[in-house]
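S.K.: Generate the whole structure from the sequences, applying the supplied hints.
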Amino acid sequence: MRSSILGVLFLTGIWALPMASASAQVPIEIEVGAPWTHPHSGITVPSELGGLRRGQATQFAEDFLNIGFSFPSPDGTAEISLYIYRDTNGAVPVWFRQAQTGIELRDIYAKPELTFGVEQYGWPGAEEWQGLRAIYATPNSRQIASTAVVLFSVDGWLVKMRVSSFNKGPEEMALMIDAAFAELTPPNAKVAQSPAIAVEDCEEKLKFKKARDAKTDGASSILGALLGSIVPRGEQDESEEGEAATPEPASVWCRDGSLNPTQVAYRANGATDAYLLAIGDSGMGVSVGPDAAGQILQTERPDSKPNYSITLITDSRRVNYAPQDRLPSLRRVMEVLNANQAVSSMSTWGDENTINIQSGALEN
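Numbering of the sequence shown is given in this note's numbering, commencing with residue 1074 and proceeding in unit increments.
You may find that some hints are simply not true.
What the hints assert, rightly or not - Derived lysine-lysine pairs resembling DSS-like cross-links, with alpha carbons at most 30 Å apart: (1) K1184 / K1288; (2) K1241 / K1378; (3) K1378 / K1282; (4) K1241 / K1288; (5) K1184 / K1282; (6) K1278 / K1288; (7) K1278 / K1378; (8) K1184 / K1283.
If you are wondering where the hints come from, they were derived from the structure by calculation, not from laboratory data.
M.R.: Here's what the structure looks like:
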């Protein structure tokens, strides 16, 4: 990807909140019985996984940024679901915990029980790509005997596999999901990763005071937009020797408060001035923390107070919302988003990046 800037557009209308990037489901046409390679990650999906034939393939975001496959058994006793979507924010532990929540909330599993605990997981033969795995027993379900989920990232892409079985216990399920995952063909590693560390609950949760919209000006709005367009996640290059670069230390994430079971705040490395509000389990999040543009400009304005930014991150864009005068609560963040208080927007996918700045942000 080239991170050049196509232009800066000044908008006068109100922007609709882009909270559902996966709302437009489009079938993917794939030749029956033939493997299919994801054009961006290089992952090859075979026509069968775990002995089950590939069924429906669906695109949830344009340009294959979020796709899914189903592998149902003919007799209805098992199903494998595979998802590949862009890794734009958070980390494997965050989105794995969200995937667990998705399982634990479903009525069909009837309060599933985690069997072996959350385990670190690596793609066979590629230990530098680390992920997490969980196996669940479902003793209270009348339809499912066990279910499992694996998730990890590959060079800027998240790969998630879920398997459910009517007649296999947890031990057999573990073998089944491992065998199915080994049948995927990975690309050559470009980015090395440290082992993923499972999320724990935060020992002390954040406490908030009432936050209000902070004063903004054109300079901070433009700079904030420019900063958001620089080096999207997952675009690191190989080293000069052609080997995977040295991995950065893994962040340790903890689970903080929530608005509901699928809108949850996570904090990296014990941060007390920032958090990520995960929305659902498909990689969409809201980054909340000290305003980077304001910090840069503060050197010229030593008497100014630091502000806090709110940035919605989707498959292909970042949207900056009205900065706050103090760290906003989760509820306040959603109020700002639902009020469409967007300040700027920038695309993070494609050959050219377009930056949009809302006209009102330049008036102060």
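S.K.: Now look at each hint and say whether the structure bears it out.
M.R.: Hint check:
| no. | hint | result |
| --- | --- | --- |
| 1 | K1184 / K1288 | violated, 47 Å |
| 2 | K1241 / K1378 | violated, 59 Å |
| 3 | K1378 / K1282 | holds, 16 Å |
| 4 | K1241 / K1288 | violated, 59 Å |
| 5 | K1184 / K1282 | violated, 36 Å |
| 6 | K1278 / K1288 | holds, 28 Å |
| 7 | K1278 / K1378 | holds, 24 Å |
| 8 | K1184 / K1283 | violated, 37 Å |
Hint compliance for this structure: hints 1, 2, 4, 5, 8 are not met, and every other hint is.
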